[in-house]
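Next come the chains, spelled out residue by residue.
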Amino acid sequence: MASYRIGVDVGGTFTDLILLDEETGNIKTIKTSSTPRDPSIGVMNAITEALRSENGISPDRISFLAHGTTVTTNALLQSRGARTGLLLTEGFRAIYEVREQDRPPSRSMDPFYEKAPMLVPQKLTEEIPERTGFDGTIVSALDEEAVRMAVRRLRDKAVEAIAVCYLFSFMNPTNEERTAEIIQEEYPGCWVSLSNRVIPRIREYQRLSSTVLDAYVGPVLSGYVDRLRGEMEQAGLKTRQLYVMQSNGGLVTFGGATLYPCRTLLSGPAAGVIGGSYIGSTLGHSDVVSLDIGGTSADIGVISRGEVQETTEGEIDGQAISVPMIDLRTIGAGGGTIAWIGGDGLLKVGPQSAGADPGPACYSLSGTEPTVTDANLVLGYLNPAYFLGGRLKLDVHLAAAAIEKRVAAPLGMTLTEAAHGILKIINVKMEIAIRLALIEKGYDPRNFALIAFGGAGPLHAGRLAQTLHIPKVIVPLWPGLTSTMGLLVTDVRHDYLHTRVGPLRTADIALVNSMFRQMEARAQADMEREGFPLSRVEISRYLAMRYSGQAYELNVPFSQFPLAETDKDLLRREFDDIHERSYGHKAEDASVEIVNYGLVSKAEVPKLSLAQHELGGADAFITPEESRSAYFEECEGYAHVPVYRREALPVGAQFPGPAIVEQVDSTTVIYPGQRASIDAFRNLIIRVAG
Amino acid sequence: MPLDPITIEVIANRLMEIVNTMQHIIFRTGYSTIVRESKDTSAAIADVAGNLVGQATQHPLHLGIFTPTIEAILRRYPLPVIQEGDSFVVNDPYIAGSPHVPDFIVATPAFYHGKIVAFCLCIAHKPDVGGSVPGSSSGVATEIFQEGIILPPVRYYSAGILNQEVEDILRNNSRVPDLIVGDLRGQVGCTRVGVKRIQELCEEYDPDVLQDAFDEVVNGTERRVRRGLGAWPDGVHEAEGYLDHDGIDLDRPVRLHVVVTKKGEDISFDFSGSDDQTRGPVNIRPSLLRSACHYALVGMIDPTIANNHGVTRVVKVICRDGSVVNPRFPAPVNHYAAILGLACSCILTALGEFVPEKATAAAGGGSSISIGGSRTRTGQSYVQYELFGSGYGARRHSDGVSGTMVDAGNCKITPVEIIETEFPVRLNRFELARDSGGAGKYRGGLSFLREYETLEDSIFTLRGAYYIRPKWGIFGGKPGALGWCTLNPGRSKERKLPSATRGMDIPAGTVVRLAIAGAGGYGEPHERDAAAVLEDVLNGYVSLEKAREDYGVIIDAETFQVDVEATRALREELASAR
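Going down the list, the sequences are from chains G and Y.
Okay, so the first sequence: first residue is 1 according to the numbering used here, each after it adds one.
Okay, so the second sequence: first residue is 691 according to the numbering used here, each after it adds one.
In case anyone wonders, no lab produced these hints; they're calculated from the structure.
Quick reminder that beta carbons are idealized off the backbone N, C-alpha and C, glycines included.
Do not take every clue at face value.
What the hints assert, rightly or not - One side of the interface only, derived from the structure: several residues of chain G facing chain Y at Cβ under 10 angstroms: (1) 114; (2) 203; (3) 681; (4) 683; (5) 685.
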């Protein structure tokens, strides 16, 4: 009997699902509206619809489900996380507010510098008498009564989550763990994040900030996952292989995800970058910018030489976080982004979004704020009768009225000028973000391709590529499903890390091997519990090392296992080489320390693969579905432009801009001077005049 | 053929990418906490003429120092004698642009097909290079010779080969030889990576194209600065400020004075009215004062303008010979940070007269400490050197930011967990200093307070500022709180220290508690929204007493409610008393 895999991705506006038949490789796609107040409803709607397709699929035939979610991200970006309290070691209130003390490089020259807001204000911060020393000894016992009083005060102030970060808890978690027990006694049900669990690493500020983020989004994610799992059980889904995409582009079980909520902050966008990278690779492009524009935000990722850029030190919305994640930029620019007039009397766009509900004014869901989608509709790029294939009728009069009232009238502009102004401003924001992601890293945009997806990516990509001098835009066959596709082209991945600092030369090799064996046993047990046969699990190992006296490590991977005494010289030389390659020098006379023992387990899962078609003649005959009036600067006004249906465009088709291509999940605009064609994978390729 | 704007833009950004990569490498490979935690280091690229073409702006104080350094190297080693694989090192504040003796600058030429096309540079603060106290920076030094070993420009590497004698001499002159040599090699490594990237740029673009692009990048910066200046009204404005003392003569304040003259697209900063050079180490070299001028001017015009030689072309700095801002050799300079911060505040105050909407109260006072001794846990000698921020002055429409490095300085705080792991000391407190932000309609930024307890006998050196004369507020705003440092507070051996000290022997178990001076406020305090005052009280930024005294807001100590009637009465009284 056939079994199926599901990828389901929740965006700000739509929930997308791909149903993959494991045997035939056939794909079925579903799109439903997102339900921001409880995204699990939209997910279940999509799953129900999927099960109803193909003449009905029994829910126990679903063997695997991977989920990309923005619940934590949106909670942070829209300041809708839990009201969070903080417990820290007595005397150390400044750790969170001073942060690292320096200004970020982009603001170092700015006498009018402002910090990003604190997620926990000082008035919800409580000091606890306790102290652990640098070597893990308890210098002062935890004052349990003080913890109780503090928790009661925070409870009276109605916090929903408590972050706990004590000094040196990564050396000895006793006081933090005991604090968690007391919190549960005093305030049962309150969410607790402990710094020694979130990120057991030295440097208190990064650990504290990550822990605060974890607590801030924890209740949001936990409630969500619980609800979703319950509903899936009710719907009859039996598979144990329920996964969430993590910020690092790998999958983690539902249960695992709630252990580390802050590791899902980039879940949705990570899936998009993985999907974009996959599409690029099928076309032989190893240098790609992925641009995912949804309802609330635009996410920009860079793939260079086929590698997705990763980091463990980053910031999300100005908040420091040090967990493994894909290196990407998110800005508040999407279809639902609201246009408004600022205090200085100038037009602003974003970062606030009308989301899916009430959504843009044209959705007729009582939204009155003008949005980017309203502007795209007024200018003729969107078809009011064919949005989502006609499932959502757009009301151009409501869009025009909103822009007229909130933008055009106050600024004394025409409706067209106002709508065009909204797009100009949102495009500049995205252009700057892409330029920062590319050129600041030393990449020349002229060598890159721009993969545009999400519902709104293809609307804007042609214009952005033009100003950024990116010669080629790729619009995938299902632009709205790229992130969802990313969920079905990545592996299940678990990272294990053990910290034990000591010199390499005198390391007990038997102990080293036994530490790796312990991690391997855990990895195997985790994979077996998730239903993967060990034959499909791939283990890789590395040692993180540094010269004695340095503070940061470099990972040295190795394949031989178990290690022998003689391997130490090889590892040492390998470390020297990596250090020289990375930093321009090596110190062969200095001693080398092992800091971390690392192990990564990967279970390969059958992946979706795109069908390739014969290229037809270059003159494949195409006729526009219709034509309509749309505004183009180059035409100095509205022009009649051909409108094509994406599914009707044959492989090999070619046509010039200006033109509009409509499909169920997106609309592509080809600007004057650009040329479009359909390639063998049925991607829409736009060549931008250099 | 003139370069197309895309190529210039790409090369400009590639330059910044190279500089940022160099910067990242020196942080990552650092051995001393002052490099790898405080990140007191900057990387830059200069063209073959020594003109700065790209610099990481992490530390504005390093903006003006590389040009005189390249000039010093080229004076001693003209281009024809420089070989591929050479790396130079220098730290002499009088010959080169080094701010003070512990700051070592490494320069490595980038050769392409046998010709020098650029210099890659890196400055990094060393934790100790000898001298009279651990950390080399005595608050009471009277000659530069007390501040550590002074190197003129010398070859550290010759044609790729380490010049072992130089390294041996340096090792022999430091309390922490392994750290300074490790950091120095890291500096060479970072410049070499920069050189490699420059060579890759030469492969991609012709070296001549590269030089043209360098010129255009510099011209672009000059244009942006001049255009910004052109939009300001012409005029002459001045400002002055005082340091407590020079560390030697504790009763005599030190005056800094600036006259800013702006005409058309030109501007000059004349410091001639400042006091004569001091016996103590609060003198500052002109290259560093230039950094302060660049920072304040670019910050006021547009902080996103790329820093390079283009700013230097616009900014004229006049420093009277023999004054505190242009001392004669061998005057000590190690405590330059105090007068540098004062200079930034004075310049910003004067510039605020040209653009009143950008007027800002004075930022709080940075300071630093070092604790040194002979016994770490591994039995080696150690130097714990820390650099502290404060808060920004309040400005139109907003409070000053609290707990941050300000103006020309931008070092990170050393993590508590790193300090305790590596040095025999424990921290007891690290908190924002309540009431340290100057009261005003908009409140000055708060500084912070730190308390240490030594676990071994050690030597403590303090270099603070504004213990007697606070940083000022504007438009009726009050000054920030004074800084202070107390040994053994509340114990029998309690002792208040002056803002700068010699190396003091402190036995194990000594408690050192210090607070940094806070920033000034903006506008009349009794015009501050009472709700904002209450919020400050709830957050612990302002005490109930100061809420009443400074702001005229009466808050019930039990219920934390504002007494609206009593507050109105008190505020009316305060307003009429003015």
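How the hints compare with the structure:
Below 10 angstroms, beta-carbon pairs count as interface contacts, and residue 114 of chain G has one with chain Y at about 6 angstroms; its hint therefore holds. Using the Cβ-Cβ criterion of 10 angstroms, the hint placing residue 203 of chain G at the interface with chain Y is satisfied: the shortest such distance is roughly 5 angstroms. Using the Cβ-Cβ criterion of 10 angstroms, the hint placing residue 681 of chain G at the interface with chain Y is not satisfied: the shortest such distance is roughly 30 angstroms. Taking 10 angstroms as the C-beta contact cut-off toward chain Y, the hint placing residue 683 of chain G at the interface is violated, the least distance being around 27 angstroms.
Against a cut-off of 10 angstroms between C-beta atoms, the interface hint on residue 685 of chain G is violated, since the closest Cβ of chain Y lies about 22 angstroms away.
The structure shown violates the earlier hints numbered 3, 4, 5.
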